[in-house]
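Residue numbers (numbering that gives the first Met the number 0), protein chains in the order written: chain A, 0 to 165; chain B, 0 to 165; chain C, 0 to 165; chain D, 0 to 165.
No wet-lab data here; the hints were simulated from the structure. Honestly, I wouldn't trust all of these hints.
Put simply, identical chains are the same to the list, so a pair is met inside one copy or across any two.
The calculated lysine-lysine pairs, modelled on DSS-like cross-linking and capped at a C-alpha distance of 27 Å, are [to be verified]:
no.: 1; residue 1: Lys148; residue 2: Lys101
no.: 2; residue 1: Lys157; residue 2: Lys102
no.: 3; residue 1: Lys102; residue 2: Lys148
no.: 4; residue 1: Lys148; residue 2: Lys27
no.: 5; residue 1: Lys157; residue 2: Lys27
no.: 6; residue 1: Lys160; residue 2: Lys101
no.: 7; residue 1: Lys102; residue 2: Lys160
Keep in mind the model is a prediction, meaning the values are calculated, not measured.
Number of protein chains: 4
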Amino acid sequence: MTKTHFEPRNPDYADLIRDSYNNTGFGKTLGAELTVIEPGYVEMELPFRPELSQHHGFFQGGVIGALADYVGGYATYTLIEENDSILTVEYKINMMAPGAGKKLIGKGTVLRAGRRVTIARMDVYALQNDNSEVHIAAAQGTFMRMENKPDVAATIAKIQKTRIEN
Amino acid sequence: MTKTHFEPRNPDYADLIRDSYNNTGFGKTLGAELTVIEPGYVEMELPFRPELSQHHGFFQGGVIGALADYVGGYATYTLIEENDSILTVEYKINMMAPGAGKKLIGKGTVLRAGRRVTIARMDVYALQNDNSEVHIAAAQGTFMRMENKPDVAATIAKIQKTRIEN
Amino acid sequence: MTKTHFEPRNPDYADLIRDSYNNTGFGKTLGAELTVIEPGYVEMELPFRPELSQHHGFFQGGVIGALADYVGGYATYTLIEENDSILTVEYKINMMAPGAGKKLIGKGTVLRAGRRVTIARMDVYALQNDNSEVHIAAAQGTFMRMENKPDVAATIAKIQKTRIEN
Amino acid sequence: MTKTHFEPRNPDYADLIRDSYNNTGFGKTLGAELTVIEPGYVEMELPFRPELSQHHGFFQGGVIGALADYVGGYATYTLIEENDSILTVEYKINMMAPGAGKKLIGKGTVLRAGRRVTIARMDVYALQNDNSEVHIAAAQGTFMRMENKPDVAATIAKIQKTRIEN
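Okay, chain A solo, but in the shape it has when bound:
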């Protein structure tokens, strides 16, 4: 996966992303973890649980799609201003192999970060028992920066942390 070279505009982008994911209902339902957060690049991992399985016992396609959407959106999040948030305009995903493995690893890479519109590629891998990664899904999406519309979940989390510290 090519690492990208972008300059973040909000130094606290990693906190913003973790606060946004960890304080949302579906984030907790899915149960993924943000493992790499760099400018223009994000990785998330999601261990297998039966609650995430489809009719053949593998990760359900919707779970794979949700992970792809997250890593694309969050890769975009690393490059926005403090008071902005991100909207998924659209994405497309190819399921290339069954979601069979002990863990999914989603990798989102910004291809082009425009003033409003950002394009990212997202790839999902299934970690095998021998720790090799099988490339199970390839996606591409369009994300839009919402100017001066702060992320609600991240903002609440930040306020709560400030209160605890005081």
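Fit chains B, C and D to the known structure of chain A by using the hints.
Frame of chain A, contents of chains B, C and D only:
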């Protein structure tokens, strides 16, 4: 939504689809309901729960995407043979408005059912308090018939039902 | 095809679209004709010529894709201000049947017209010898309004027409 | 661009691809050149001509989309049997920057080559006057192998060459 005119090849297609959805882990996690199952056309409904929400308190995009994938796949399911199952090759989804509403309604319509490849359009609506439907997502996908690869979840469910009856 | 109900903001939208298409190099190379231009809905027709064919003698996929892109973009064009132009952000197209017929008919329908981003569905039909239409391609795209960036081809055409009239 | 590691099944894949492109009507209309043909990877170049331009004088989006479709399809072509041909099932393309440059360079890379279905990523670059490449479009597509349906254009070309040699 245009109703389609297709001849099903498996008279028990509705049972197959319900058994497949209701006996999978992620199907239960999501908690949607199959409300319309007709040849080439399927509707599913998903009431709002905080467990499905994103950073602004609306239905998370991954949930909307998963619902779209399901109704496209199940619309395809209505037209296959008894011993076949369906694989999502790919889909593309545009998020057109926030997923704000008391319920999501997904509608999947087969555009073309080929011998192996089926193309479907999927639309997701958010039901408002006044019961109007806002068109929040538009999707299009490609689904592949897996010949003589029965749906495992549906098959197990069928066996269990037979045992109970006997 | 569902007709849409949109209010145009530029009364001369049809002239703008014709001037834009007819005065561009690739528009002439392709040789399509704008046959229906209504608010949020556009049709174009393209008669078969060997110059547009692929390896089996049918319309080449790139031609079908170009027609889909045009009708989606122009459906969006019908709803913008006089001094705006349109940019294709992205589109996705499914080729559902061979492009075999005496004429292609592209139909673009706006699903949602936002302030900046518009989503449209585009369908391409192949006209048969018995004048029936075969639905050969289904597409969906995202188009962006470029505020105060007038369409160059249409502007030049308008200036030339004004000169001729005076 | 990551080079891929695939074993071709038809040693004459490069001839097949050149014969297919160069003997089709739209191939000639477009006027691109096949510059790199390797197992699972193809590059094509298309110099600018006014006949390929849109309303702002740049390469038209349909031209960019057609080039992306070609390099994805031909990357798939490098891996099929002698008597097979390829069908584009679908593709999705993001236009990331204006098609401004003296030449387009399309690069198609196979991500996964299945028995029937192949997934490829396609990227289009615009060559600038200083010979730098601007990444103007990113695409992803699904291609299907048509078993024992030889490419008609390539087959005719091969017969004609054989006649000339004799």
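Status of the hints after comparison with the structure:
1. Lys148 with Lys101: between (37 Å within a copy, 23 Å between copies)
2. Lys157 with Lys102: neither (30 Å within a copy, 30 Å between copies)
3. Lys102 with Lys148: between (34 Å within a copy, 25 Å between copies)
4. Lys148 with Lys27: within (23 Å within a copy, 34 Å between copies)
5. Lys157 with Lys27: within (18 Å within a copy, 33 Å between copies)
6. Lys160 with Lys101: So lysine 160 and lysine 101 fail the 27 Å test inside a copy (33 Å) and across (31 Å) alike.
7. Lys102 with Lys160: neither (30 Å within a copy, 32 Å between copies)
Of the numbered hints listed earlier, those contradicted by the structure are 2, 6, 7.
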